[in-house]
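Every number in our numbering is 81 more than the matching position in the sequence shown, counting from 1.
Take the hints with a grain of salt, since some may be wrong.
[To be verified] Calculated pairs, BS3-like style, for lysine-lysine (alpha carbon to alpha carbon, straight line, at most 25 angstroms):
(1) 297 x 313
(2) 301 x 316
(3) 303 x 232
(4) 301 x 232
(5) 316 x 297
(6) 303 x 313
(7) 301 x 313
(8) 316 x 303
[As the list claims (entries may be wrong)] Pairwise CB distance ranges (calculated):
(9) 163 x 272: 30 to 36 angstroms
(10) 292 x 150: 28 to 34 angstroms
(11) 218 x 284: 37 to 43 angstroms
(12) 367 x 292: 20 to 26 angstroms
(13) 228 x 316: 18 to 24 angstroms
(14) 367 x 277: 29 to 35 angstroms
(15) 369 x 312: 48 to 54 angstroms
(16) 368 x 311: 42 to 48 angstroms
(17) 230 x 291: 42 to 48 angstroms
(18) 216 x 317: 27 to 33 angstroms
(19) 277 x 193: 35 to 41 angstroms
(20) 368 x 277: 31 to 37 angstroms
(21) 233 x 163: 34 to 40 angstroms
(22) 292 x 193: 34 to 40 angstroms
Keep in mind the hints are simulated off the structure, nothing from the lab.
Here a beta-carbon is modelled for each residue, glycine too, at the ideal position from N, C-alpha and C.
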Amino acid sequence: MANIEKSFPSPLHRAACLLLLLGALTIGLPAPASAADEAGSTEVDLTYRLYGGGLLILSLDTRAELDATRYRIASDIATEGLVDRFFHGRMSSRAHGLLTEAGPRMQRYRQHYKGSFGERSVDMRLADDGGYDVEAEPDAGYLEHGPLDPKAVVGTVDPLTASIYAALAGAGKPCANSIPVFDGRRVYDLDFSPPATERLVPRIAGEFAGDAWRCKILYKPKSGFTREWHIKRIKDPLRPAIIWLARFEGTDNGDGEKRSLLLPVRLEISSAYFSAVAHLTRASIDGRELIASSEDTGG
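Using the sequences and the hints, build the whole thing.
Written out as structure tokens, the structure reads:
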């Protein structure tokens with residue numbers, strides 16, 4: 082049975098993973114508080130479209146609900162256009178957990194892929210010892226995974242919770258993180274470079290227009306990668322992804338002030354053989370539209 086790395090060619094898979102992380106949510110969160118002090122939950126709904134060679138390749142829809150102590154995120158990725166015709170695939174991811182003073186603490190993370198080449202899933206739960214109990218099917222697929230160092234897993238977060246991890250820096254510190262991620266099979270860091278400001282001009286209807294921070298993200302493998310994987314990277318080194326973050330005005334945080342949202346509005350990823358760009362095409366918070374889809378605006 083083949084896995085998602087076969088049904089989504091490697092650069093597409095990495096783009097999907099970055100969309101999963103960066104499209105999930107980047108929001109200035111309230112400080113953790115007791116249940117009695119909670120000011121209500123915040124709901125965010127985002128839609129992204131990924132293009133390669135001018136053609137629509139992937140779509141991602143993600144929804145997140147957060148309050149002062151808890152979070153819940155759901156994301157769905159689907160192939161589109163010609164890619165869907167030849168490499169049909171759907172991937173759903175779910176995560177929920179606690180927001181603590183020490184950072185987000187995942188309680189459960191699930192990911193499931195089903196497509197032209199079979200099925201693949203991961204189910205992670207927080208263990209009593211602070212580690213993770215992981216059930217993965219298949220154990221090793223089209224590309225076998227290398228040995229995993231248990232010590233490398235300590236202090237990591239799952240791909241969806243990583244978006245909350247980044248959010249804790251707040252909108253005042255964009256791209257100020259190095260995030261350790263464990264996806265159930267491999268451990269890697271996502272290193273963010275210092276940002277530069279840039280004004281984005283839309284090329285097609287539905288794209289974001291305005292000032293944004295431009296940041297680089299470097300994918301750094303840590304554990305669970307095979308020797309063959311590293312050899313392939315010598316021939317085709319991983320290039321940094323580029324992300325643009327824009328500030329949006331959120332809802333009242335309970336004390337009369339507005340929460341500041343920092344949302345990814347564009348993502349570019351490339352290799353020696355492939356390049357793609359993703360755009361935020363729809364965004365809403367608590368039902369209020371921040372960016373309307375091109376379908377809604379007639380674009």
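Hints the structure fails to honour: none
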